[in-house]
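These are the residues of each chain, in order.
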Amino acid sequence: DTGVSQDPRHKITKRGQNVTFRCDPISEHNRLYWYRQTLGQGPEFLTYFQNEAQLEKSRLLSDRFSAERPKGSFSTLEIQRTEQGDSAMYLCASSPGTVPGYTFGSGTRLTVV
Amino acid sequence: RKEVEQDPGPFNVPEGATVAFNCTYSNSASQSFFWYRQDCRKEPKLLMSVYSSGNEDGRFTAQLNRASQYISLLIRDSKLSDSATYLCVVNMYGNRDDKIIFGKGTRLHILP
Chain G
1 DTGVSQDPRH KITKRGQNVT FRCDPISEHN RLYWYRQTLG QGPEFLTYFQ NEAQLEKSRL
61 LSDRFSAERP KGSFSTLEIQ RTEQGDSAMY LCASSPGTVP GYTFGSGTRL TVV
Chain Z
1001 RKEVEQDPGP FNVPEGATVA FNCTYSNSAS QSFFWYRQDC RKEPKLLMSV YSSGNEDGRF
1061 TAQLNRASQY ISLLIRDSKL SDSATYLCVV NMYGNRDDKI IFGKGTRLHI LP
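Line by line, the protein sequences are chains G and Z. The first sequence begins at 1 in the working numbering and counts up by one. The second sequence begins at 1001 in the working numbering and counts up by one.
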């Protein structure tokens, strides 16, 4: 499978716990994006990387959120001290940098109880 | 004003009918425009790009009005399988920065 992979598909966690999601992009794509989608809303931009450099972070990305892309390949998104408001679908997309070029992964659905 | 605005619907349309959605965007410098389709609990997928001259792909027609800052999607002879959420998407910087901004989506239900 040469698409974008996200792991896990589903995560249920207790409030206050830390969680980490992983995204494996299409190997030739140098850009990687994270979006968050809640029920009834479109995907909201969180952050993106060009290779290993994090180029932009949304104001939605509070201090409890951190994303990395070491070596410019896979990326991780960590949420510390989860809150119920963090419950959402976290989508990863990769792109070769041309428009339109996005390929989305299937997402990680987070439920904070 | 939100960057991309859409009527959330739902639009309940009988099979075979024609349905149209509009979307407005706030940044007049926006470069590229798209419609994405999202099925329930699935990831968004590109439906079609929107070109200045308007473009058609089978039963789907997309149009762009830069003066009024809106784009539209027309679906003719609607099928049950067209039931989905349609996301209006805008890119502001072209190939210099391919970050895209999504609208909230318009839900479409095709009724048998």
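Among these hints, one or two may not hold up.
As the list claims (entries may be wrong) - Straight-line Cα separation of at most 25 Å, SDA-like style, residue types lysine to any residue; simulated pairs: (1) Z:Lys1045 x G:Ile26; (2) Z:Lys1099 x G:Gly97; (3) Z:Lys1045 x G:Ser73; (4) Z:Lys1002 x G:Arg22; (5) G:Lys14 x G:Glu52; (6) Z:Lys1045 x G:Ser27; (7) Z:Lys1002 x G:Val19; (8) Z:Lys1045 x G:His29; (9) Z:Lys1042 x G:Ser27; (10) Z:Lys1042 x Z:Ser1083; (11) Z:Lys1099 x G:Phe65; (12) G:Lys57 x Z:Ser1028; (13) Z:Lys1002 x G:Pro100; (14) Z:Lys1042 x G:Asp86; (15) G:Lys57 x Z:Asn1027; (16) Z:Lys1045 x G:Lys14; (17) Z:Lys1045 x G:Arg15; (18) G:Lys57 x G:Val19; (19) Z:Lys1079 x Z:Ala1062; (20) G:Lys57 x Z:Ala1029; (21) Z:Lys1099 x G:Ala88; (22) Z:Lys1099 x G:Ser66; (23) G:Lys11 x G:Pro70; (24) Z:Lys1042 x G:Ala53; (25) Z:Lys1099 x G:Ser27; (26) G:Lys57 x G:Arg109.
What the hints assert, rightly or not - Derived coverage of chain G by chain Z (criterion: at least 3 residues anywhere in the stretch with Cβ under 8 Å from a Cβ of chain Z; other residues may be distant): (27) 40 to 48; (28) 94 to 107.
Simulated from the structure, these hints should not be mistaken for lab results. Even for Gly, the Cβ is constructed at its ideal location relative to N, Cα and C.
Of the hints stated earlier, which fail here? Failing hints, ascending: 4, 5, 7, 16, 17, 24.
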